[in-house]
Structures are given as C-alpha cells and as structure tokens.
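S.K.: Input sequences plus hints: build the corresponding full structure.
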Amino acid sequence: MLSCRDDFPILQRLVHGKPLVYLDSAATTQKPRCVVAALCRFYEQQCGSVHRATHALSAEATQLYEQARGRCAAFVGAACADEIVFVRGATEGMNLLAHGLAPRLQAGDEVVVSVMEHHSGFLPWQRVCAQRGARLRVAPMCDAGVLDLQALRGLIGPRTRVVSLVHVSHVLGTVNPVQQIGVWAHEQGAIMVVDGAQAASRLPVDVQQLGCDAYLFSGHKMYGPMGIGVLYARQQLLQTLSAYQLGGGMVHTVGQQQSQWLPSPLCFEAGTPNVADAVALSAAIDYVDALDRQAIAQHDQQLLQQLRQALAEVPNVQLLGSGEHAMGVVSFAMQGVHPHDVACLLDQRGVAVRAGHLCAQPLMQRLGLPAVTRASVGCYNTYDDVAALVEGLHAVRKVFAC
Amino acid sequence: MLEQQLYQELILDHNTHPRNFGPLPQATAQGVGDNPLCGDRIEVQVCVQDNRVVKVHFCGAGCAIAKASASMMTEAVQGKTAQQVQQLFDAFQALVKQQQAVPQMALGKLAVFAGVGRFPMRVKCATLAWHALRCALRSAKN
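Residue numbers (my numbering), protein chains in the order written: chain P, -2 to 399; chain Z, 8 to 149.
Wrong hints could be hidden among the right ones.
[To be verified] Some chain Z residues well away from chain P (every beta-carbon gap over 10 angstroms; in silico):
{"hint": "1", "residue": "HIS24"}
{"hint": "2", "residue": "PRO25"}
{"hint": "3", "residue": "LEU31"}
{"hint": "4", "residue": "ALA36"}
{"hint": "5", "residue": "VAL61"}
{"hint": "6", "residue": "GLY69"}
{"hint": "7", "residue": "GLU82"}
{"hint": "8", "residue": "GLY86"}
{"hint": "9", "residue": "GLN94"}
{"hint": "10", "residue": "ALA98"}
{"hint": "11", "residue": "ARG129"}
{"hint": "12", "residue": "SER146"}
[As the list claims (entries may be wrong)] Not everything, but these chain Z residues come out facing chain P in the computed CB check (under 8 angstroms):
{"hint": "13", "residue": "LEU44"}
{"hint": "14", "residue": "CYS45"}
{"hint": "15", "residue": "CYS70"}
Rather than coming from a laboratory, the hints here were simulated on the basis of the structure. Think of the CB as a built atom: it goes at the ideal place given N, C-alpha and C, for glycine as much as any other residue.
M.R.: Below, the structure written as structure tokens:
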C-alpha cells in the first residue's frame, strides 16, 4: 500500500471538528503540495502570455506550456505533443469533439454511447445527433454493472460514425474493455472516443495500446488543478475537426472576410490559455509517475476490495454492481435511508462521500434508484478511512433505527 | 451533536410514517417540486373549496427532511386560505434560512425544522414540498 498522506496538506484539517476522511476522489482528488507549489511558482515567478511577446517571461511561459503539452503526450502515450489539446476538463474536451465531428454526421448516421456515461459523455452527442438527424444508440448494462457487450456489438454497424464510451465508470467503478470495443468500432470505420476522467488517475493509460482515436481526462481528478484537462486525438482526426472557439491565438491570418487557422492543436486553443494550470498539471503527472502508476493501481484495487468487503457487512447496505473489473469507486444504497441523509450524517463525522444522481441520470433510471451514495478512493486513502466510513454508516443506522 | 438538531424525533417519525401520503382522488389541483441536486421529486395534490385548502396529499421520493417536511406541511396547511398558506411558508422559509426577521406567525410543530438553518445544503429539501404546494395553489386559482 502507498503511504503518501503527508503530501496532501488538506488531509490534516478538521471538518466539523473531526479529522477529514476524504472519500470523494471521483468528484475531485486533493492536490499534493508539489502541484500547489507549481501553481504558486508560475504566478510568482514565471507568469507571461504564451506564443505572443518576445520578452523573457513570455518565452519562459511558452516553453513551460509546451513542455507541459509534451508531458501530457508522454503520459497517455501519444505519438507527439501536437496530439494534445488543452481544455478546461473532460467535459469541454467532449464538447469540442462532438462539435468538431458534427459536420461529418449525416441524417441516419449513428453515434453509440452507453447507459453508464457521465452526462458530459452523453449530452454533447445527444445534441449533435438531434441537430444532424443522426441517431444516438445507447448500449445497455447487465445487472452486474458491466456493459452488455453482446448488445453493444450489435449496435455498432455500418452507420456508426462514433463510439464514445467511458473507460472507468464514475458510479460503479467498472473498467470497460474499450480496447476490444475499439476494434469493433474500427471494423465499421467508426471513431473510438474514450472518456478517461476516472481512469487517468487509477490506471496506466496508453492510447496506442487502447487503440482509441481520442481520449479525454481532467486534471483535477488526477491530483492536478481544477480548470485544466486534456483532449488527446490522433493527428489525422484532430486535423479534420472543425474549429471549436474562434479568437486570438488560433489564427494564422485574419482578413475582413476570410481567415486561416493555425494548425492543430493551437487552432483549438483560442484565447489566452490556462498556462498556470497546464504547468501544474505537468507537476501532477510528475507526482503520479513518481508514486508509480502500477503501484497506484494496486493500491486502488486493494482499497476497493477492502471497501466493498467492509460495506457488504453493514446490514441494509446494498452494493451496486458486482465490483468485477472495477477500480476505486463504489456506490451503494442503504435500505430505508435516502442517500442525502446518509451523506449528511457521514459529513458530521468528517467523512466526505457523494450522494445524488452523480450526473448519471440514465444510469439511475437503469438502476431504478433516484439517487445513490458513492465512496471513492485516491492514492492517499488508507484502511482507516474505510473503517471510519463503516463506523459512520452504523451511526446512520442508529439514527434511522434500521 | 449538530445532527440531532436536524434529525429530531418528530422529523424521523414523519419520515417513517408520512401523513397524508398517496394520491388524493378528489384533488382539484396539483403541483410538483423537483430538486435537481439529488433527483428528488415531490408531488402535491390539493382539494381547494371556497379558497380554502380542504385536504392535501403528497407522493414521491425524497430524503428524510424533504419527506418529513412534506408530511408536516400537509397537516399544517389544512383549512387555511391561500394567503394564510403563503404567510406560513414565508415564516417557514425565514426559519430554515435563518433570516434575521422571522415573521411573527405561529409555526407550531414546524418549528422543529429550525435545525435546517445550520445545514444550508438542506434548505431546498425542507422547502421542496412547499414549492410544490404553491404551484398547486396557483393552478387552483387559475
């Protein structure tokens, strides 16, 4: 097991007078000291506008920004840094992709997603399909909380243009076999998009091995800052996407009637980019690599196992999904107690979990629940956190006499 | 503990045994309250005669605070005019939002929700059914 709690200053604080037990890393991970330091260093010593001026700060900032791009490329195994677009997060990345691919969709074309997508993996495709007269096909899930692969394969056909799936479910923790599904997509000439928001911090990710055409992740869910994320797309794909936002920094020449864009990825980064957070994301990647991604994955799996085992022993708690092929996330229902009440009572003990529909309403409808409670782990969690959660749940049972 | 101020006996009792729960066949109007944060939805059905609330029922799912608040509301507003319901709601909102000036109005048993004031995230839960009732009364008026 990893031992890195001391790297995260926030874990020292008290919540409602109790030590913080942070089990909401699927929403956002906490940030190690080195990431915060990188942010401060940038604003205190290195701040300048990139790709613009000739002065030293601008040159330094440009160099740091492009180094960060290279760092992200290496992190996911991209062929080159030009395949990396900085975005605000996975949500913006997905919107950029859907918008950029929209002109290619014809009436009758199909986009395949799954019922376990986050709203951000669902809504951009729902809208472009409606706009283009295309059909959104939603792959179903088995009761065990894994994709119904047979049904999914049946949905991918000659009219499929895009298959967009989540790598690791943010509700069930399920790891989807995106590599295999990518093969099916490519057999039909479709583009394979993978939402890696949960996966990037939990699994070693190699886009070459996964064989996907696009991969997205958010910095703040992998120990980096909020407001920065990455869209990886193969160069052949990226070069053919239509521009997302127009403005400064993305143009080659601007005339009164016609203009020319810069080549990708810069043509997708209109306006002054979020350099500080890109640089701090690079520091987060350094941190994750130093901990060792294999070791993080092992830690995550061990804790998940302990978590599921401990929760299963709490009376009236029903775990959602079988937990097979899952990473660090578990959602559950407590009979007779609404998730909002569970989370509120846990919070009073300093235990932070998430309750609600978790931005996955189609999945909640499939599960037949209005809401769930979710516990998710990060590299800093230990068995003590699991024990604190279980103790908290017994206290909830006591209040609700169940 | 703070939580005991929120989850009072009476609230837990109304959560477990909600009063006036289920459809109201003689309803003359209805309204819905949605809390998109947690996916909760409470539907309120009213029977209004001569501008007075004769009977109120509610259906739907919600947390203990939302459910208990709905249940106690159905008892509190019985026999009141739309205007009196509005006054009661104003007083109730002031209570759960911990506003400085709580209107001088007897809240009766509803005062048990005072603890919500310490939990700003739960104000929406406590007022969900009230918003649904206001919708219902507006549509009854029209």
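S.K.: All hints, please: hold or fail.
M.R.: Structure-based check of all given hints:
no. : hint   : verdict
1   : HIS24  : holds (12 angstroms)
2   : PRO25  : holds (13 angstroms)
3   : LEU31  : holds (22 angstroms)
4   : ALA36  : holds (25 angstroms)
5   : VAL61  : holds (30 angstroms)
6   : GLY69  : violated (7 angstroms)
7   : GLU82  : holds (21 angstroms)
8   : GLY86  : holds (30 angstroms)
9   : GLN94  : holds (29 angstroms)
10  : ALA98  : holds (24 angstroms)
11  : ARG129 : violated (7 angstroms)
12  : SER146 : holds (24 angstroms)
13  : LEU44  : holds (6 angstroms)
14  : CYS45  : holds (5 angstroms)
15  : CYS70  : holds (4 angstroms)
Checked against the numbered hints listed earlier, the structure breaks hints 6 and 11; every other hint is satisfied.
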